[in-house]
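Note that the protein sequences, when read in sequence, are chains L and D.
Using my numbering, you'd call the opening residue of the first sequence number 1 and step up by one each time.
Using my numbering, you'd call the opening residue of the second sequence number 1 and step up by one each time.
It should be emphasised that the hints constitute simulated quantities derived from the structure, not laboratory data.
Honestly, I wouldn't trust all of these hints.
Repeated chains share a single entry, so a pair holds when one copy, or any two copies, can fit it.
[As the list claims (entries may be wrong)] In silico SDA-like cross-links for lysine to any residue, where the CA-CA straight-line distance does not exceed 20 angstroms:
| # | residue 1 | residue 2 |
| --- | --- | --- |
| 1 | Lys176 | Ala65 |
| 2 | Lys176 | Trp40 |
| 3 | Lys49 | Gln137 |
| 4 | Lys160 | Ser6 |
| 5 | Lys108 | Asp27 |
| 6 | Lys108 | Met76 |
| 7 | Lys176 | Leu106 |
| 8 | Lys160 | Ala45 |
| 9 | Lys176 | Val150 |
Protein chains: 2
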Amino acid sequence: MNQRPSRQLGAFLHLSLDGYYCGVNGDMSFAHKAADDAEWNEFVAGNAKGGGMLVFGRTTYEMMASWWPSPMAAQMMPAVAASMNATPKAVFSRNLQSADWSNTTLVKGDAVAEMRRMKAEPGPDMVILGSGSLVTQFAEAGLIDSFQLVIDPVALGAGKALFAGVAARLNLTLTKTRVFGNGAVVLWYVPTA
Amino acid sequence: MNQRPSRQLGAFLHLSLDGYYCGVNGDMSFAHKAADDAEWNEFVAGNAKGGGMLVFGRTTYEMMASWWPSPMAAQMMPAVAASMNATPKAVFSRNLQSADWSNTTLVKGDAVAEMRRMKAEPGPDMVILGSGSLVTQFAEAGLIDSFQLVIDPVALGAGKALFAGVAARLNLTLTKTRVFGNGAVVLWYVPTA
């Protein structure tokens with residue numbers, strides 16, 4: 001009998017040109033400047049329909065959980081909001097006591113060990129949205145199968161750097177690129193074998 | 001009489017995917033992995049013929065000045081070496097006592113004030129190669145007219161971050177992109193007006 005292929009884990013993040021997933025004080029406004037572009041909005045909406053399971057760290061989870069179930073989200077972006085609320089989700093946090101957003105599993109304990117366990121179990125493929133600290137941990141442990149990074153046309157000068165402190169450099173293979181009229185450049189990578 | 005247009009100042013740098021122009025201890029080996037690609041080598045050689053004046057900070061200058069005039073460079077890359085040695089060059093440093101590489105001017109004093117003065121004088125356009133610390137200073141002062149950044153397919157996890165500490169975020173406009181088979185992605189930007 002063939003071995004069951006393990007669940008794929010992708011990561012989707014915005015980065016500033018200087019490698020930060022958020023600025024000081026968690027400021028992510030740079031990632032929302034891209035919205036004035038119909039092609040970009042279509043790309044984002046298409047991503048949101050990806051299916052599978054969404055994975056978050058606590059910070060990104062709390063931001064999303066405060067927005068998508070809200071009446072305002074239902075009014076402004078009804079299709080995406082319905083999809084985000086219905087999709088199975090996991091939030092990794094030692095500190096959260098509960099995760100009340102619909103269809104969300106709270107994963108406590110060691111994030112890397114828990115993700116390794118989840119990937120070995122049957123289930124849908126997974127995508128981490130944002131959650132740069134979690135992405136850094138998982139990338140260092142070799143658990144991320146693909147990266148989709150949006151390079152926004154701005155330098156922040158300071159912030160939280162993706163991959164900060166990984167013990168060994170991470171060699172990647174570029175598999176695809178896409179450039180948008182708003183200046184966002186999307187780069188797809190897989191870890192180099 | 002029309003005002004004389006000021007000399008253009010471009011910056012050409014390699015960056016890791018996480019925004020570092022060099023790793024810890026100045027390691028730039030990540031930027032040399034790209035060489036196994038004929039199209040890439042042609043691009044680099046074309047860049048080297050760009051004319052104008054080359055500008056360096058001390059660290060990059062010392063690295064280049066120890067290589068290009070050497071017999072080994074003349075043997076391995078004769079055309080590029082001849083061009084690099086003949087091109088007018090400026091090195092910005094408070095500490096260097098002299099700059100002995102052919103056709104090199106040593107610029108002491110405040111780098112930003114000196115570059116502002118040079119841009120206002122008649123002369124060829126200028127390109128900073130590498131020299132991330134100098135690029136950061138000039139960018140913050142609004143002196144860089146265009147950026148050509150090579151994003152290499154590697155995350156370092158630590159190093160010297162381009163634009164580190166700039167007081168205000170730097171908004172850029174993407175003007176051109178080019179993707180190479182070796183995974184290098186070249187992004188051209190100008191400061192957003």
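Original post:
Going through the earlier hints one by one, which of them does the structure break, listed in rising order?
Top reply: 1, 3, 4, 5, 6, 7 and 8
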